[in-house]
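J.: Sequence:
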Amino acid sequence: MVSGKNDLYRIGAEASKLNFTGFWDWFVHVEDLSFHWKTQPTYVLSQTTFIVGGIFTFIHALKHGGRLPYLWFGIILHGLIVEALSYFLPDVDNFWHSQTPIILLGRRLPLHILLLYPVFLYNASIAVAKMRLPKWSEPFAVGLGVVLIDIPYDIVSVHFLHWTWHDTDPNIADRHYWVPWNSYYFHATFAASFIFWFHFTRKLICKTKEKWQPDTFPREFACTILTGLLGVPGGVLMFLPIYHPLHDNYRVHSEVTFFILFAIFLLLIWLGMRNTNQKEFQKQVELDWSTGLLLVHLLIHYSLFLAMTIFFKPEDEVAIGLKEPIGSCDEYVDVYTTFGQV
Numbered sequence: 001m002v003s004g005k006n007d008l009y010r011i012g013a014e015a016s017k018l019n020f021t022g023f024w025d026w027f028v029h030v031e032d033l034s035f036h037w038k039t040q041p042t043y044v045l046s047q048t049t050f051i052v053g054g055i056f057t058f059i060h061a062l063k064h065g066g067r068l069p070y071l072w073f074g075i076i077l078h079g080l081i082v083e084a085l086s087y088f089l090p091d092v093d094n095f096w097h098s099q100t101p102i103i104l105l106g107r108r109l110p111l112h113i114l115l116l117y118p119v120f121l122y123n124a125s126i127a128v129a130k131m132r133l134p135k136w137s138e139p140f141a142v143g144l145g146v147v148l149i150d151i152p153y154d155i156v157s158v159h160f161l162h163w164t165w166h167d168t169d170p171n172i173a174d175r176h177y178w179v180p181w182n183s184y185y186f187h188a189t190f191a192a193s194f195i196f197w198f199h200f201t202r203k204l205i206c207k208t209k210e211k212w213q214p215d216t217f218p219r220e221f222a223c224t225i226l227t228g229l230l231g232v233p234g235g236v237l238m239f240l241p242i243y244h245p246l247h248d249n250y251r252v253h254s255e256v257t258f259f260i261l262f263a264i265f266l267l268l269i270w271l272g273m274r275n276t277n278q279k280e281f282q283k284q285v286e287l288d289w290s291t292g293l294l295l296v297h298l299l300i301h302y303s304l305f306l307a308m309t310i311f312f313k314p315e316d317e318v319a320i321g322l323k324e325p326i327g328s329c330d331e332y333v334d335v336y337t338t339f340g341q342v
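Each residue of the sequence shown is one higher than the one before, counting from 1 in my numbering.
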């Protein structure tokens with residue numbers, strides 16, 4: 001049994017259950033940074049990069065104002081809901097993060113993961129906004145933009161055991177460099193859903209005409225909450241027409257279902273670009289210092305994960321934390337799809 005932090009953070013310790021001393025011990029835990037740097041330095045570097053990226057995106061949102069601060073906080077809410085549901089719903093509880101200096105929700109949610117969402121979604125949204133696509137096309141471009149930012153993180157981080165995936169879950173069994181193809185599908189669809197609801201709820205509720213011009217605080221706040229809540233079901237719905245029928249009924253590989261989704265998204269982006277006002281598209285975009293922060297961080301983001309593959313080795317690191325429970329190989333657990341299929 002693991003009864004406290006001393007056992008959980010002891011290298012080589014094994015346990016079947018984690019006990020907490022109270023709500024706050026379950027909700028948030030702080031651990032010595034030096035321990036994590038000693039055991040898993042690449043993870044500390046990754047965390048630092050995402051925390052810095054989260055701060056940079058927040059600075060950009062405050063600098064430009066308008067609806068961007070609501071976009072930033074809505075993304076944080078969306079990320080919190082996605083992560084919490086992943087930990088508390090058994091059918092999607094299929095990954096486990098290594099421990100971090102600050103970790104939430106029963107040692108499951110590292111702080112930097114909350115800031116990962118604006119690094120992915122906010123950056124992609126700002127980049128796509130400069131393309132001036134029609135509103136119906138924009139969410140799909142943001143979805144693919146998020147995948148582009150995610151790919152090096154997903155591949156390299158799992159290689160260094162920054163988290164582990166469930167070994168036998170059929171929904172994530174098909175892998176690309178040990179990354180489930182459905183991880184890319186998830187990022188594309190959930191990001192597209194979030195951006196759709198972000199703008200659609202404002203079209204319904206707010207009275208301002210300009211895309212990024214804010215309305216009153218109560219209306220903007222209501223739209224932000226609705227967007228955070230609706231992003232998940234909207235993303236789940238996009239699994240229904242492609243992934244579940246083809247994969248669950250006909251055993252089509254998840255790589256195929258992802259590239260079908262990719263092709264559809266790409267087609268919708270292309271159609272949107274053909275419908276873009278060329279004079280509007282050709283306008284010069286002014287870059288200020290806060291936009292420079294976003295560009296610098298993306299350069300650091302890609303460079304870091306490239307450097308990890310060159311200068312670090314996974315076998316030199318120790319991944320501390322919760323892992324997939326070990327059970328009998330003769331026992332099977334039903335996994336239910338969105339259709340209710342087993």
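FYI, nobody ran anything at the bench for these hints, they're computed from the structure. This one's a predicted model, so the numbers in the text were calculated from it and none came from an experiment. Just so you know, not all the hints are guaranteed correct.
What the hints assert, rightly or not - Listed next, the in silico PhoX-like pairs over lysine-lysine satisfying Cα-Cα at most 20 Å (straight line):
1. LYS38 x LYS207
2. LYS63 x LYS135
3. LYS207 x LYS135
4. LYS130 x LYS63
5. LYS38 x LYS135
6. LYS130 x LYS211
7. LYS211 x LYS63
J.: Could you run down the list of hints and mark each one as holding or not?
T.: Quick rundown of the hints versus the structure:
With a CA separation close to 54 Å, the supplied pair LYS38 and LYS207 exceeds the 20 Å bound. A hinted pair counts as satisfied when its Cα atoms are at most 20 Å apart, and LYS63 with LYS135 does not qualify at roughly 24 Å. About 17 Å separates the Cα atoms of LYS207 and LYS135, which keeps this hinted pair within 20 Å; it holds. In summary, the hint linking LYS130 to LYS63 is supported, as the alpha carbons are separated by about 17 Å, within the 20 Å threshold.
Annotation: proposed proximity of LYS38 to LYS135 is violated, straight-line Cα distance about 48 Å (limit 20 Å). For the suggested pair LYS130 and LYS211, the alpha carbons sit about 12 Å apart, so the restraint of at most 20 Å is met. With a C-alpha separation of about 17 Å, the suggested pair LYS211 and LYS63 falls inside the 20 Å cut-off, and the hint holds.
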